[in-house]
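Asker: Each protein sequence line maps, in turn, to chains G and S.
Mapping the first sequence onto the working numbering, position 61 (from 1) lands on 61, and the numbers just tick up by one.
In the working numbering, each number is its position in the second sequence, counted from 1, plus 1000.
Since the hints were made in silico from the structure, they are not lab data.
Note that this is a predicted model, so its numbers are computed, not measured.
There could be a bad hint or two in this list.
Label-pair restraints from in silico Cβ distances [to be verified]: (1) G/I35 / S/G1055: 38 to 48 Å; (2) G/L70 / S/E1064: 48 to 58 Å; (3) G/I35 / S/A1285: 37 to 47 Å; (4) S/I1606 / G/S171: 52 to 62 Å; (5) S/K1289 / G/L40: 51 to 61 Å; (6) G/N95 / S/G1055: 53 to 63 Å.
Here are the simulated lysine to any residue pairs, SDA-like style, with alpha carbons at most 25 Å apart [as the list claims (entries may be wrong)]: (7) S/K1446 / G/A195; (8) G/K42 / S/S1035; (9) S/K1280 / S/P1242; (10) S/K1581 / G/G50; (11) S/K1020 / G/E198; (12) S/K1446 / G/T184; (13) G/K42 / S/C1043; (14) S/K1581 / G/E198; (15) S/K1588 / G/I189; (16) S/K1446 / G/I189; (17) S/K1446 / G/K42; (18) S/K1588 / G/G50.
Positions of the beta carbon are idealized from the N, C-alpha and C atoms, including for glycine.
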Amino acid sequence: MNQVIVHPERCVGCMQCMAACATAHSRSHTLLAAIREVPLPKPRIHVGSGRYAEGFPNRCRHCNPAPCMLACLPGAIYRHPETGTVLIDSDRCINCASCAMACPFGVIRYHEDSAAPPRKTVAVKCDNCLERQALGLVPACVEACKTGALTFEPAAQALKRRTDQVARSVSAGAEPAEGAPGFTLLNTIKNSLIALQEAAH
Amino acid sequence: MTCTYHRQTITEDGQLLLKKAENDQVETVWDRYRSQLPQCGYCELGLSCRNCVMGPCRVDPFGEGPQRGVCGADADIIVARNLCRMIAAGAASHSDHGRDLVEVLAGVAAGKAPGYTIRDVEKLRSVAVEYGIEISGKDTLVIAGELAYAMQEDYGTRTAALTLLKRAPAKRRELWKNVGITPRGIDRETSEMMHRTHMGVDNGWQSLLLQGLRNALSDGWGGSLIASEVSDILFGTPTPRPASVNVGVLKKDQVNIVVHGHNPVVSEMILLAATSSEMKQLAEAAGAKGVNLAGVCCTGNELLMRHGIPMAGNHLMTELILSTGAVDMMIVDYQCIMPSLGQVASCYHTRMISTSDKARFPGMEHREFHPENAEELAEQLVREAIENFGRRGRVYVPVEPVQSLGGFSVESIVAALGGSAAPLIEAIKSGKIRGAAGIVGCNNPKILHDHGHVTLARRLVENDILVVDTGCAAIATAKAGLKMPESIRFAGPGLKEVCGALGIPPVLHLGSCVDNVRILVLASALANALNVDLSDLPIAGAAPEWYSEKAVSIAAYFVASGVYTVLGPMPPIAGSMNVVKLLTEGLKDVVGAVFAVEPDPGAAAILIRRHVEDRRKALGLDFRV
Chain G
1 MNQVIVHPER
11 CVGCMQCMAA
21 CATAHSRSHT
31 LLAAIREVPL
41 PKPRIHVGSG
51 RYAEGFPNRC
61 RHCNPAPCML
71 ACLPGAIYRH
81 PETGTVLIDS
91 DRCINCASCA
101 MACPFGVIRY
111 HEDSAAPPRK
121 TVAVKCDNCL
131 ERQALGLVPA
141 CVEACKTGAL
151 TFEPAAQALK
161 RRTDQVARSV
171 SAGAEPAEGA
181 PGFTLLNTIK
191 NSLIALQEAA
201 H
Chain S
1001 MTCTYHRQTI
1011 TEDGQLLLKK
1021 AENDQVETVW
1031 DRYRSQLPQC
1041 GYCELGLSCR
1051 NCVMGPCRVD
1061 PFGEGPQRGV
1071 CGADADIIVA
1081 RNLCRMIAAG
1091 AASHSDHGRD
1101 LVEVLAGVAA
1111 GKAPGYTIRD
1121 VEKLRSVAVE
1131 YGIEISGKDT
1141 LVIAGELAYA
1151 MQEDYGTRTA
1161 ALTLLKRAPA
1171 KRRELWKNVG
1181 ITPRGIDRET
1191 SEMMHRTHMG
1201 VDNGWQSLLL
1211 QGLRNALSDG
1221 WGGSLIASEV
1231 SDILFGTPTP
1241 RPASVNVGVL
1251 KKDQVNIVVH
1261 GHNPVVSEMI
1271 LLAATSSEMK
1281 QLAEAAGAKG
1291 VNLAGVCCTG
1301 NELLMRHGIP
1311 MAGNHLMTEL
1321 ILSTGAVDMM
1331 IVDYQCIMPS
1341 LGQVASCYHT
1351 RMISTSDKAR
1361 FPGMEHREFH
1371 PENAEELAEQ
1381 LVREAIENFG
1391 RRGRVYVPVE
1401 PVQSLGGFSV
1411 ESIVAALGGS
1421 AAPLIEAIKS
1431 GKIRGAAGIV
1441 GCNNPKILHD
1451 HGHVTLARRL
1461 VENDILVVDT
1471 GCAAIATAKA
1481 GLKMPESIRF
1491 AGPGLKEVCG
1501 ALGIPPVLHL
1511 GSCVDNVRIL
1521 VLASALANAL
1531 NVDLSDLPIA
1541 GAAPEWYSEK
1551 AVSIAAYFVA
1561 SGVYTVLGPM
1571 PPIAGSMNVV
1581 KLLTEGLKDV
1591 VGAVFAVEPD
1601 PGAAAILIRR
1611 HVEDRRKALG
1621 LDFRV
């Protein structure tokens, strides 16, 4: 089964996944119209800024067992049986924030949403774009990511790729691992900027 | 909240005012920078292109996603095009600033610019001669008119090479000709740069970058040089004079008017009005002890250089200066004026005035200056500033100002040397002075404020390298106390001896950012005296805290002129290692100089020292390893 896999070392921090996510969860499904909707659609994926100002795409892991589901008193949080996706029933949600307190990743937000009853603030988080998947599309964040920081594939396949990568790097006479020298150079400079700020004190 | 002010700026006034601004809930450039993180990696790498609407496009630096834009441009082309457009914007900014001065010069000649005059007739005549204008027996205003006309020709398309290129060493001009980067019209090169970066025009990343260099040269030896020279002609060639610096120059008991921006066309008129006895009387009637004019950024540098007008701070201080509550009026023209200033001022009584027909800002009142109305409008604004004095709330000016010596033009440096550059050449030859470095450029919230400038200057003078600086860098070292004759205590023994004998500081204030050309002109004089090219000299450039497109143009004309230049922040080029390699290695074989990037000012000083000693060795002078 395909799932969204995050490869943080490839995130360039462009936040295009956020815009694509918000658009995918809008009424209009187009960026230009979505930014004028009320309520304004909001992303379910959030790009954080790391210690070296590097990007990190933070989204729901759809944990199992899911702490948010265990914490939800009205039973609004449930698991989609076919995909294992953790979903929130916005009709049952009482906006108590228990799920956010329980979530180790801080990916649950509270706001009005076009899919929820009008003018009701509800808990909102990643739904793995089940609506898009039903149409044969990959989740919007994955489609938007051009660097491969987000992929949609079976976990086993991603892990196999990683295993092979590690194996190649320890082969005799191995070439340096593939990568992006420019991105590494930029990050080296950015890291030294931060290190300088810290060293100055 | 934990105190992080010392992580933002090394300056005492900055730290104290950051605290004040936070208490007053004033949002600053640092807050906005933090909320922008992480910044888009495609853009930081130069790999995003918005030049046409088949796009916008971006190239995946990891090689799996798209490797070409819709048009087919690869990473090399996209990065080169983006960088070149930055150069074009920077060159356009300096050159348009120069054009405004030439228009005032033409206005003075036509008698249509009341209040403006020719303050340096000698310079007018000598520059006119360089332009091939017959001056004998001609009235000053006639010469001014003819010079303005000739300079306007330099902006156009009718010349094969800019007039003032002749100040560059012959070897350098020959090199430019051979490489094919001799700048023609000032506007022509910018225009051609924009043309070449249009989809489907120049798709050779090397040829794009060469045009980028030519465009930058049209700034350095054209627009900026004209700006600097005409400013001297209209407002006087700077001579050394003391001035006080940092936010302590604001006076609790006087009407404080702060000028911000770049062009002395506005600030000189404000100065004229602010210093009249009538205004002093008005100020006294309003309960103030007088009118105190201070500058920030480059228009402040222009006034400091020519009149010793106090300097309140540099780029990252502009919001904080307003948070003193002591500024009765801030008058801005253009460039580097953060659009946030109107919002900051709204927390206090400060009146914000924009003056240029080409620059408007939210939260500012627009009072347009033109050569015809400048004198009258300046007086009116000073009156209004005085009226505003009574509306002040609580005032917080937490520090005492630092003293600084400014006003070093090429002419005044030569005068300080006793009439010729020979003593400087002698000091370099003997090794007492190892070489010279120009520290230029801005502030950038990515770099601890002023730390880059001050640390680099300190490390260089310690090692007997004379520092000349301009722009926000010059303000940083002035605030740090490096610009008084007694600042030679920071210098190494050789530099200390030479500067001590001449009574000059080891760090010389050469003016605003268009005045970077003074560095080139001075270096050319040295190269000519030694009969070598600029790239043979033991000199270097650095922009430790740069942020702006203008800085890209400056760095590019330094390198194209043969000056090794070290940048602090990384320009958006790392998406193409071909471009990186060309700029940091390959250009050596093309123009005899390269760029380097080194955010650590201590390490940048080592790079510069190595370069200086390396050049000394090549010149057959003593060298240190």
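Asker: Hints first: check each against the structure and report whether it holds.
Answerer: Now for the hints, and whether the structure bears them out:
1. At about 20 Å, the beta-carbon gap between G/I35 and S/G1055 misses the expected band of 38 to 48 Å.
2. A C-beta distance of roughly 38 Å is found between G/L70 and S/E1064, which places it outside the suggested range of 48 to 58 Å.
3. Taking 37 to 47 Å as the suggested C-beta distance range, the pair G/I35 and S/A1285 does not conform, at roughly 54 Å.
4. Between S/I1606 and G/S171 the Cβ separation comes to about 38 Å, which falls outside the hinted range of 52 to 62 Å.
5. Checked against the hint of 51 to 61 Å, the pair S/K1289 and G/L40 passes, with Cβ atoms roughly 53 Å apart.
6. About 42 Å separates the C-beta atoms of G/N95 and S/G1055, a value inconsistent with the hinted range of 53 to 63 Å.
7. Between S/K1446 and G/A195 the CA atoms are separated by roughly 12 Å; this keeps the pair inside 25 Å, and the hint holds.
8. Restraint check for G/K42 and S/S1035: the C-alpha separation of about 17 Å stays at or below 25 Å, so the hint holds.
9. Restraint check for S/K1280 and S/P1242: the C-alpha separation of about 22 Å stays at or below 25 Å, so the hint holds.
10. For a cut-off of 25 Å, the pair hint linking S/K1581 to G/G50 is broken: about 29 Å separates their Cα positions.
11. Annotation: proposed proximity of S/K1020 to G/E198 holds, straight-line Cα distance about 23 Å (limit 25 Å).
12. Taking the CA atoms of S/K1446 and G/T184, the gap is near 18 Å; set against the 25 Å cutoff, the hint holds.
13. For the hint linking G/K42 to S/C1043, the alpha-carbon distance of about 23 Å falls within 25 Å, and the restraint holds.
14. Using a Cα cut-off of 25 Å, the hinted pair S/K1581 and G/E198 is violated, with the two alpha carbons roughly 30 Å apart.
15. Distance hint between S/K1588 and G/I189 is fulfilled; the C-alpha atoms sit about 23 Å from each other, no more than 25 Å.
16. Between S/K1446 and G/I189, the direct Cα distance comes to roughly 11 Å. Compliance with the 25 Å bound is thereby established for this hinted pair.
17. At roughly 29 Å between alpha-carbon atoms, S/K1446 and G/K42 are farther apart than 25 Å, so this suggested pair is violated.
18. Only pairs whose Cα atoms come within 25 Å are accepted, and S/K1588 paired with G/G50 is rejected, the gap being roughly 37 Å.
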